[in-house]
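Participant: The lines below spell out each chain.
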Amino acid sequence: MGVLMRNKGQMFLITATIIIVILVLLRTSVNLPEMLQKEKELKTRFEKEFFQNTADELVKVIDISYHQPSNITNNVFGFGNFTRKKMTERLQSFEFLYVGVITPASSGNGIMNVTFVNLLNKPINATLQLNSFVPVNSSEMSDSSSWTTNYSIAQGQTYTIIVGYNGTYSENVTIQTRVNKSVYIGFFDITLTGPETTYKDKFQKNYTLP
Amino acid sequence: MCMEVTLFIRNTIFYLENMKGQIYTLEVGIAILMILSIVIFLFLNPPESPEYNVINYKMNAYRGLETLERTGELRRYIAGNNATAINGSLNPYIPNFLSRAVVIFNDTTNLTTKPSLSNINNSVSVNYFLAGDFDDYKPREVTVYIWGY
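First to last, the sequence lines map onto chains A and B. Position 91 (the first sequence) corresponds to 91 in the numbering used here; numbering is contiguous. Position 24 (the second sequence) corresponds to 1024 in the numbering used here; numbering is contiguous.
Keep in mind the hints are simulated off the structure, nothing from the lab. Here the structure is a predicted model, which means the values were calculated and not measured. Where hints are given, some of them may not hold.
Stated by the list, open to error - Restraint-style ranges between C-beta atoms, simulated for each label pair:
id, chain 1, residue 1, chain 2, residue 2, range
1, B, 1035, A, 56, 50 to 60 Å
2, B, 1084, A, 56, 20 to 30 Å
3, B, 1091, A, 63, 28 to 38 Å
4, B, 1013, A, 36, 51 to 61 Å
5, A, 31, B, 1003, 52 to 62 Å
6, B, 1092, A, 10, 44 to 54 Å
7, A, 134, B, 1084, 25 to 35 Å
Said to hold, decoys possible - Partial pick of chain A residues on the chain B-facing surface, computed with a CB cut under 7 Å:
id, residue
8, 20
9, 40
10, 42
11, 43
12, 48
13, 61
14, 65
15, 75
16, 83
Cβ atoms here follow ideal geometry from the backbone N, Cα and C, with glycine treated the same way.
Turn these sequences into a full structure, and let the hints steer you where they fit.
Facilitator: Put into structure tokens, the structure is as follows:
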């Protein structure tokens, strides 16, 4: 005890050293779960933004091909294939169902052209039904293929196409035709999967063509 | 000479023995400073994992590409296969101490020079898809490679 009393200053330094070691250990152990959580959140956010870019760019294909209407659906198909190939190389999954509809610029009656694109990584039996007419079935569509069918329509009317496949999938696409104007509708069903997150979206985009 | 050294040491010890209080105060002050410094260091600068920093670099590179895309510059540079211009435009987003390279790919191959990373232990890449520019459908992928962290 006498030794300790005579060396008070050194005891302070030793105690300070012990306190510092305890503080460092505490801070590291308390911080570790927080650090891992921050890391995971950032990785997820990064992946989500990349997927959003991919989906946005698929839609942009229509804007890019706007002045060549006959190429729009083919270009969307081509870009879907391109994106899927690149993502697969990085062990990310890309599943894409697309329906492109184009109506002529005419008055009275016309022919509506509907193309179904399968990039779902599996063969499917696709179905298209216009309003309450009898559904039209494709023969088995292999992955990375498209199928086109036509319908006689009256310009200025609104139509609904029911898109389906394998008897389990069903989505409605609304077509608002316009007299003397060509209209293009793209229906997108996208699923992108990566190690951190999954992006799923279904939507329709409508365009009046020049 | 020997005697002078001995005398000096003896005087120093005598002086220190009479300054015990001040020395004690100095030791306490040093102890308090040590604790305060560590507390400030730990709580003002929370430690981050190296992995977190790498993801931040990727995120910043991605932000850079996004900004270029929003201004229309990215599509213009890609139309001209100008990876150098894209690389230069990323200066504000990627720290100078990192090495980087930008490569433009089409469906089958790289259209601009790809860096050789076989001798590099740590590298990451950031990818960005573009379908082309208006009235010019051309699917491309821009990849930014980052290393040296």
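Participant: Each hint needs a verdict: does it hold in this structure or not?
Facilitator: Each hint tested on the structure:
1. B:1035 / A:56: 50 to 60 Å: holds, 53 Å
2. B:1084 / A:56: 20 to 30 Å: holds, 26 Å
3. B:1091 / A:63: 28 to 38 Å: holds, 30 Å
4. B:1013 / A:36: 51 to 61 Å: holds, 55 Å
5. A:31 / B:1003: 52 to 62 Å: Cβ of residue 31 of chain A to Cβ of residue 1003 of chain B: about 60 Å, so the range 52 to 62 Å holds.
6. B:1092 / A:10: 44 to 54 Å: holds, 53 Å
7. A:134 / B:1084: 25 to 35 Å: violated, 59 Å
8. 20: Since the shortest Cβ distance to chain B is 5 Å, the answer is holds.
9. 40: This interface hint is violated because 10 Å lies over the 7 Å limit.
10. 42: It holds, given that the least Cβ distance between residue 42 of chain A and chain B is near 5 Å, below 7 Å.
11. 43: With a closest approach of 6 Å, the residue 43 of chain A hint holds.
12. 48: violated, 11 Å
13. 61: With a closest approach of 5 Å, the residue 61 of chain A hint holds.
14. 65: Check passed: Cβ of residue 65 of chain A comes within 6 Å of chain B, closer than 7 Å.
15. 75: With Cβ-Cβ at 5 Å, under 7 Å, it holds.
16. 83: Constraint on residue 83 of chain A satisfied, holds at 6 Å.
Checked against the numbered hints above, the structure violates hints 7, 9 and 12; every other hint is satisfied.
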